[in-house]
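Engineer: Each chain is listed here by its residues.
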Amino acid sequence: MSKTVSVISKNFYKVNPDSIDEYIAAGGFEGLKKAITMKPEEIIELLNKSDLQGRGGAAFSVATKWNHAVRVSAPVKGIMCNADEGEPGTFKDRSLLEHNPFGVIEGMIIGAYVGGGSQMNHARIYIREEYTYLHGRVRNAIKQAEERGFLGNDILGTGLNIEMKVVSGAGAYVCGESSALLESTEGKAGRPRIKPPRLNNVGLYNLPTLLNNVESYSIVPILVRDDSEYRSYGTEKSIGTKMISVSGNVKKPGVYEIPFGITIREVVYDIAGGLSSERPLKFVQIGGASGAIVPASQLDTPISYEGLCEIGVAVGSGAVVVADDSNSMLDYFDSLAHFFAEESCGKCTPCREGNRQLVKIVGLMKSGKATAADFDRLVDMLGLMKGASFCGLGKTEPAPFLAAIKHFEDEVRGYFK
Amino acid sequence: MTKPLNSKLEEQYPELYAQVGEIVSKWGASRDNLIAVLLDVQSKSERNYLSKEAMLAVSEIMGIIVQDVYEVATFYHAISTKPRGRFLVQLCQGTSCTVNKVVNVKDALEAELGIKIGNSTPDELFTFEYTPCFGACDVSPAMRLNGKVVGNLTPETIKQIIGECREAAKNE
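As given, the protein sequences belong to chains A and B, one line each in that order.
Counting along the first sequence from 1, when you hit position 411 you're at 411 in this note's numbering, and nothing is skipped either side.
Counting along the second sequence from 1, when you hit position 122 you're at 122 in this note's numbering, and nothing is skipped either side.
You may find that some hints are simply not true.
[Claimed, not checked] List time: in silico SDA-like cross-link candidates among lysine to any residue, alpha-carbon distance up to 20 Å: (1) B:K148 - A:K165; (2) A:K188 - B:K148; (3) A:K360 - A:D325; (4) A:K188 - B:S80; (5) A:K251 - B:D138; (6) A:K366 - B:K101; (7) B:K101 - A:F416; (8) A:K252 - B:D40; (9) B:K101 - A:L275; (10) A:K360 - A:F416; (11) A:K165 - B:Y70; (12) B:K101 - A:R139; (13) A:K366 - B:Y70; (14) A:K252 - B:S25; (15) A:K347 - B:T74; (16) A:K165 - B:W27; (17) B:K148 - A:K360; (18) A:K252 - B:V139; (19) B:K26 - A:R139; (20) A:K165 - B:S25; (21) A:K252 - B:Y70; (22) A:K188 - B:P14; (23) A:K188 - B:A169; (24) A:K188 - B:D107.
Worth flagging that the hints you see were computed from the coordinates, not collected in a lab.
Note that this is a predicted model, so its numbers are computed, not measured.
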């Protein structure tokens, strides 16, 4: 029996993503039509019942976020969709936009109905520059939704007004951070803002703003329409399904939808077909470049919020990067350190300078000149970055390094003479 | 448009100025369109970059101080303020590509192009650089060739792809 499911990905390869008619015929916009017969509080209660957590990586309760939005009443608000999927190893939002763009739009409209402005909503889908080939498809979907009266003024006679646009990123990982994303949407350099004020008070163009990830929005219409299928999957504490991106040394890399609770081993061997090299698995990295490294001995850990939490790992963006035993920790460190050094926005010292030092230490490791003192410096630096960085980038970045040091201590120490 | 009545820049670079003006009218002159305008202006440039003059023109026409234009232009990876080759080869340095031995592809590209990564070929045909993960991990190791994703790279396919680029340039 197949271990993948299709609830969020139901329309994939079945419904033409360029045709609103096909989307409607497949039950599209029924979630929205039902939502406008409900009170915002009822919709939030519905999300809360399934304990939907933000799917961008931070896993913040969507119901809580939307509840905050309801409490801030304003005539004009911002409704943002974060499609800046920059976590290395992650490409599930890409496939959601590619195969089900109307689902994302429908989720955003429900978001605006629940927590939007009473007179006007400026909705923006911020898609990374790397996905330029998807901008046209999403713009086309917006146009069709406008023509059918799902966007624009007085949507379905509710008095809800939404003006929706696609905004292109220009290549910056830090823009996946919510406030940096808003800065970039406003045409500035994408550096994170000081919080508070929170975005639901002062966000896009200083308007109260509701911001969610592509996958989070995609799930909303499904839950509103009929949440029984979604709720039939998962574990007691992690209800439902999750889109994951599997890549690295596996036979069948790709985007899969899994019920929460299946193990990492099942994902690697049953879903992704096992290792392409037929060599033993060395480790997997879960949740993106800032996710922790899981050694082969922990492969039977279930992928769920509580299961991964037990071994100190987060679900994150749902990336699963698989590495066989031909990969050295040094090469992996090198890739990570260069990535973060390049992507640090430079605003705060711990992240900017910390990354510079990481690259230096990795360079010493490569040249065989690293000493035991450098190892201590590495650990110190990681602790400092984790504790003192300004935004999530620097705060979460040490996770894979620290996990690698914990699980592969002998190998890592071996690089320091 | 907020461009000055008498622009020295317009006198000096009438063509560029008109082109930038057109792009700004297409997107709108408000600040939130700056990134879209810069990407668009860059795509029209022969050397695939934003020249100093282009940035000055954007600044004048959109009414945004030039320091701000420069800050944005230099913050993002997708915008370059240095001239680049006719073919921009951007190799992914992400984790998936790393475990799929992108290093072999890098060596093959360096050999084929005759330059080290981070440089342009002397004939200005190719610029070869690393780029952060662009979400094509399902076809890793992957690169972007003038923005288009090319995946499942091997030293053999590299030879073929670069050969095709050279052929295309010859026939232009």
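Engineer: Between the alpha carbons of A:K188 and B:D107, is the straight-line distance 20 Å or under?
Structural biologist: Distance ~37 Å between A:K188 and B:D107 Cα, so the pair is violated.
Engineer: Given the hint that A:K188 pairs with B:K148, test it: the Cα-Cα distance must not exceed 20 Å.
Structural biologist: violated (26 Å)
Engineer: Given the proposed pairing of A:K188 with B:S80, does the C-alpha separation stay at or below 20 Å?
Structural biologist: Given pair A:K188, B:S80 holds - Cα atoms ~16 Å apart, limit 20 Å.
Engineer: A:K366 and B:Y70 were given as a pair; does the straight-line alpha-carbon distance stay at or below 20 Å?
Structural biologist: Between A:K366 and B:Y70 the Cα gap is close to 36 Å, so the pair fails against 20 Å, i.e. violated.
Engineer: Holds or violated: B:K101 and A:F416, Cα atoms, limit 20 Å.
Structural biologist: The hint is violated at about 24 Å.
Engineer: Take the C-alpha atoms of A:K252 and B:D40, compute the straight-line distance between them, and say whether it is at most 20 Å.
Structural biologist: violated (37 Å)
Engineer: For the pair supplied as a hint, A:K165 and B:S25, confirm whether the alpha-carbon distance does not exceed 20 Å.
Structural biologist: holds (17 Å)
Engineer: With the threshold set at 20 Å, check whether the alpha-carbon distance from B:K101 to A:R139 stays at or below it.
Structural biologist: violated (36 Å)
Engineer: For the pair we were handed, A:K360 and A:D325, check the Cα-Cα distance against 20 Å.
Structural biologist: Violated - the C-alpha atoms of A:D325 and A:K360 are around 25 Å apart, more than 20 Å.
Engineer: Are A:K188 and B:P14 close enough, with their CA atoms no more than 20 Å apart?
Structural biologist: violated (27 Å)
Engineer: Has the given pair, A:K165 with B:Y70, been kept, meaning a C-alpha gap of at most 20 Å?
Structural biologist: Violated. A:K165 to B:Y70 sits at ~25 Å, over the 20 Å cutoff.
Engineer: Holds or violated: A:K252 and B:V139, Cα atoms, limit 20 Å.
Structural biologist: holds (10 Å)
This entry does not satisfy hints 1, 2, 3, 7, 8, 11, 12, 13, 14, 17, 21, 22, 23 and 24, going by the numbered hints stated previously.
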